[in-house]
Amino acid sequence: MIYTTSHQSVLGEIRLASKDHKLIGLWFLGQTIHLQKFHTESTNTKSITQRIQVKHDDVVLLHTKQWLQQYFAKKNPSINELPLNPHGSAFGKLVWNLITQIPYGEVCSYGELAKEVAKQTHKNAMSAQAIGGALKRNPIAIIIPCHRVIGTNKKLTGYAGGIDKKTMLLEHEQSDLERLYRFKNS
Numbered sequence: 000m001i002y003t004t005s006h007q008s009v010l011g012e013i014r015l016a017s018k019d020h021k022l023i024g025l026w027f028l029g030q031t032i033h034l035q036k037f038h039t040e041s042t043n044t045k046s047i048t049q050r051i052q053v054k055h056d057d058v059v060l061l062h063t064k065q066w067l068q069q070y071f072a073k074k075n076p077s078i079n080e081l082p083l084n085p086h087g088s089a090f091g092k093l094v095w096n097l098i099t100q101i102p103y104g105e106v107c108s109y110g111e112l113a114k115e116v117a118k119q120t121h122k123n124a125m126s127a128q129a130i131g132g133a134l135k136r137n138p139i140a141i142i143i144p145c146h147r148v149i150g151t152n153k154k155l156t157g158y159a160g161g162i163d164k165k166t167m168l169l170e171h172e173q174s175d176l177e178r179l180y181r182f183k184n185s
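Numbering of the sequence shown is given in numbering that gives the first Met the number 0, commencing with residue 0 and proceeding in unit increments.
Hint data in this document are derived by calculation from the structure and do not stem from the laboratory.
Treat the hints with care, as some may be off.
Using 30 Å as the maximum straight-line C-alpha spacing, the simulated DSBU-like pairs for lysine-lysine come out as follows [claimed, not checked]:
1. K64 with K164
2. K18 with K92
3. K164 with K153
4. K153 with K135
Label pairs and their computed distance ranges (CB to CB) [unchecked claim]:
5. G29 with N123: 35 to 43 Å
6. H55 with H121: 41 to 49 Å
7. K154 with Q52: 39 to 47 Å
8. P82 with Q7: 38 to 46 Å
9. T156 with D19: 30 to 38 Å
10. K21 with F71: 16 to 24 Å
All C-beta atoms, glycine included, are put in the ideal place defined by N, C-alpha and C.
All chains should be modelled from the sequences, with the hints used to inform the complete structure.
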């Protein structure tokens, strides 16, 4: 069973989803990511509506709402406080794990992230476009902070929630676009 609820934030309505006591989705109302994708992996033949239940008292969803309240109050909560289970490919999960290392208030370029992914996958190079594709499929916005990845020229590009939301999140974090995060040992 997938449990869902919504949360009102300064950026508008945010939707949350949990399954098996873990957060599997967080997206902005109107964002292209939706619950349909979580059902394509299931062999269960029940209709989607039978497998989704709005549940405002789900512990994971309540904890996530508290995390969001702390985040929007600029208290910089730890991602480790939440049980996450983002659905995706091994490549996507590697990229998402790496961006969780980018500190609050800092940014990283697609190119820098591509270099780190290439290093960790023992490849000579990785395209920034492949990184962008993985970030586009990030099912847990804000918490897995793909908004902290910017163009090499420091341009704000590509965000599934919209560039306006990316801009607002970076402004909220008071991110310095001139100070690019470097992965350790890179």
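Hint by hint, here is what the structure shows:
| no. | hint | verdict |
| --- | --- | --- |
| 1 | K64 with K164 | holds (18 Å) |
| 2 | K18 with K92 | holds (18 Å) |
| 3 | K164 with K153 | holds (16 Å) |
| 4 | K153 with K135 | holds (18 Å) |
| 5 | G29 with N123: 35 to 43 Å | holds (39 Å) |
| 6 | H55 with H121: 41 to 49 Å | holds (46 Å) |
| 7 | K154 with Q52: 39 to 47 Å | holds (41 Å) |
| 8 | P82 with Q7: 38 to 46 Å | violated (23 Å) |
| 9 | T156 with D19: 30 to 38 Å | holds (34 Å) |
| 10 | K21 with F71: 16 to 24 Å | holds (22 Å) |
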